[in-house]
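Peer 1: Listed here are the chains, written in short residue letters.
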Amino acid sequence: MLGYLSRRLLQGILVMFLVSAATFFLINLAPGGPSSLMNLNSTAQQRAALEQQLGLNRPIFLRYLNWLGAALQGRLGNSLSQGEPVAPLLAQRLRHTALLAGTALLLVFIFGVALGIWSARKRGRPIDHLVGLVSTLGMSLPEFWLGTLLIMLFSVRLHFLPASGMLTVGAPWSLSDLLVHLLMPALVLSFVLLPNVVRFARSALLEVMEADYVRTARSKGLRERAVLLRHALRNAWIPIIAMLGLILPQLLSGSVVVESVFAWPGMGRLAVQAAMNRDYPVIMATTVLAAAIVILTNILIDLLYSLVDPRVVHA
Amino acid sequence: MPSRSLTQLRRPVARVPGRPGVLALLLRRPAGWISLALLVLLYGASFLGPLLDHHSATATHPLHALLGPSWLHPLGTDDLGRDELLRMLYGGRVSLSVGLISMVVALVAGLLVGGLAGYLRGAVETILMRLVDAFMAIPAFFLILAELAVFGSSPPVVILVVGLSFWGQMARVVFAESLKMRQREFIEAAQALGASRTRVFFRHLLPQVVPSAIVLGTLGVGWSILTEAALSFLGLGIQPPLASWGNMLQNAQVYVWTSPWLAIYPGLAIALAVLAFNLLGNALRDVLDPRIR
Chain A
1 MLGYLSRRLL QGILVMFLVS AATFFLINLA PGGPSSLMNL NSTAQQRAAL EQQLGLNRPI
61 FLRYLNWLGA ALQGRLGNSL SQGEPVAPLL AQRLRHTALL AGTALLLVFI FGVALGIWSA
121 RKRGRPIDHL VGLVSTLGMS LPEFWLGTLL IMLFSVRLHF LPASGMLTVG APWSLSDLLV
181 HLLMPALVLS FVLLPNVVRF ARSALLEVME ADYVRTARSK GLRERAVLLR HALRNAWIPI
241 IAMLGLILPQ LLSGSVVVES VFAWPGMGRL AVQAAMNRDY PVIMATTVLA AAIVILTNIL
301 IDLLYSLVDP RVVHA
Chain B
1 MPSRSLTQLR RPVARVPGRP GVLALLLRRP AGWISLALLV LLYGASFLGP LLDHHSATAT
61 HPLHALLGPS WLHPLGTDDL GRDELLRMLY GGRVSLSVGL ISMVVALVAG LLVGGLAGYL
121 RGAVETILMR LVDAFMAIPA FFLILAELAV FGSSPPVVIL VVGLSFWGQM ARVVFAESLK
181 MRQREFIEAA QALGASRTRV FFRHLLPQVV PSAIVLGTLG VGWSILTEAA LSFLGLGIQP
241 PLASWGNMLQ NAQVYVWTSP WLAIYPGLAI ALAVLAFNLL GNALRDVLDP RIR
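As you go down the protein sequences, you meet chains A and B in turn.
No gaps in the numbering here: position 32 of the first sequence is 32 in the numbering used here, and each next residue is one more.
No gaps in the numbering here: position 119 of the second sequence is 119 in the numbering used here, and each next residue is one more.
Derived from the structure by calculation, the hints contain no laboratory data.
Hints may contain errors.
With beta-carbon atoms standing in for the labels, derived distance ranges [said to hold, decoys possible]:
1) B:Leu52 / A:Ile299: 56 to 64 Å
2) A:Ser219 / B:Thr198: 32 to 40 Å
3) A:Gly165 / B:Gly68: 25 to 33 Å
4) B:Gly68 / A:Gln52: 54 to 62 Å
Interface residues of chain B toward chain A, partial, derived using beta-carbon atoms under 7 Å [to be verified]:
5) Asp133
6) Ala134
7) Ile138
8) Val150
9) Leu234
10) Tyr255
11) Val256
12) Trp257
13) Gly267
Idealized CB from N, CA, C, for every residue including glycine.
The task is simple: from the sequences and hints, build the whole structure.
Peer 2: Quick look at the structure:
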């Protein structure tokens, strides 16, 4: 187990290293890279001074190692557009994204798994087809359009919910204010993921329901409810947990769009603004952090397997 | 060369006479003919529709700005007085082309990388597939944002960036398929007959892998239409005055309070196009690969 864990961690570190190096070289080698920040009217001296200040006159490998060394100590440089250090800014934005994405994930798990189970129990009946059809429709809806439509309905028409932001500007902090702002973005974000979760939960349960031990449980006269909850669902959890690793990148990508629609001050919105402003240290940091989250979660999920399913032995 | 003629002797037959082709099988399914009809309609309207109208999609008419739907302008006009319907047709050309071309990019990259890794194995597999792992670890949107920040947002860059964000997924599927195929007797037979590795790869292995890649690619077109739309909506994709469904929606955001119709139709068009490709992909999977359900 420990050997497995350390091997997985090592692999993760290696992939992280690859990701950060690739991103760094992409940003720095490209024609539009950091050196293009300079004003065309600036003198050669000014340009040299700026390159000196940003350390752009040194070889790229050295600069990458420099970045890596600083990043490992939690220093990610200064934002070019805002001048402040990237690390604290990113930490704050990450908390906001975690709140939004976590809420969406919770919603999608509750509704997705429930709908999937329901659909599997009614396999081949109209309700199963209906869930399938709605899933396909849901996969085709652009989340930013859905967000705009909801804003049009609930904010513009009905004045029910605030159209954007995380808190009412100027008002004292309150939980209800936060929740009211959270509701629409979290719903839209969870809607993006829902079709996948429903399909996955459905097929996971269907597979388990055909197993011998389910037939045994039924034939010894257990009620359907007990068969489902105590025998079938327990084993269906494994693929459902595995799916978490698969939808996480989707969740993070989705948060980029949803945060922008609802002006939610999270990491995704920060990444969009950084891309607009060509704020390279921020772009570098958000990209690597997003990858780190995905890699770490996948390692955690592998470990979770062995907790959920004692048969999984990591040698 | 005798070996050459022998390997050519049994070329895979595309269609057995008397057995219906892929298109015929597709048309038998509701999902198949509905999606194909939708696609013919969307592509036809976008590429042929504007030919019927001599108006320009970019010329502005400030006096006719933000008019509601009427007989003259069935979908109203936008903030610069341009006909919304005409712009949607021109936008369709861009959005539908970006979706299709970027998936061709992903298809070619995925087939080559996944196919070679699966066929050659060894060091090639390790290097290529770890590269795919690294790529796949970065959530697509963050990678795309970084790339657009560096290379700018011209249409070719958008196409390339969207396509290359899907190649990893494609490569994994192709890799898994090629691993299965390389064990099969027809590959062994071709090798035993003296066919070169290049020949076995391109003439025997790849054609067997293509159907699964096409299924994934069809679903992927829907995905890349959505992605391009989202990027353009964020202001980082297709740039105005060139219309795309995504940047039309971005423009409409400012006017949701006064001219809500601008925010409805382009989104509907995106949803229909993506739905059509998703349905077609599912129908194709049933036809080409009846094992998976």
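Peer 1: Each of the hints needs a verdict: does it hold here or not?
Peer 2: Hint by hint, here is what the structure shows:
Separated by about 58 Å at the C-beta atoms, Leu52 of chain B and Ile299 of chain A satisfy the suggested range of 56 to 64 Å. Between Ser219 of chain A and Thr198 of chain B the C-beta distance comes to about 58 Å, which lies outside the given range of 32 to 40 Å. About 30 Å separates the C-beta atoms of Gly165 of chain A and Gly68 of chain B, a value consistent with the hinted range of 25 to 33 Å. The hint said 54 to 62 Å for the Cβ distance between Gly68 of chain B and Gln52 of chain A, and at roughly 58 Å that hint holds.
At about 6 Å, the closest approach between the beta carbon of Asp133 of chain B and any beta carbon in chain A falls short of 7 Å, and the interface hint on this residue holds. Residue-level restraint check for Ala134 of chain B holds (minimum Cβ-Cβ distance to chain A is 4 Å; threshold 7 Å). The beta carbon of Ile138 of chain B comes within 4 Å of a beta carbon in chain A, closer than 7 Å, and the hint placing it at the interface holds. At a threshold of 7 Å, the smallest CB-CB gap from Val150 of chain B to chain A is about 4 Å, leaving the interface hint in force.
Contact between Leu234 of chain B and chain A, as hinted, is supported at the beta carbon level, the nearest pair being about 5 Å apart and thus within 7 Å. With 7 Å as the threshold, the beta carbon of Tyr255 of chain B stays out of range of chain A, its nearest partner Cβ sitting at about 11 Å, so the hint is violated. Because the closest C-beta pair between Val256 of chain B and chain A is about 5 Å apart, less than 7 Å, the hint holds. For Trp257 of chain B, the suggested interface contact is upheld, since its CB lies about 6 Å from the closest CB of chain A, less than 7 Å.
At its closest, the beta carbon of Gly267 of chain B sits 3 Å from a beta carbon of chain A; the interface hint therefore holds under the 7 Å criterion.
Taken one by one, the earlier hints fail for this structure at numbers 2, 10, listed in ascending order.
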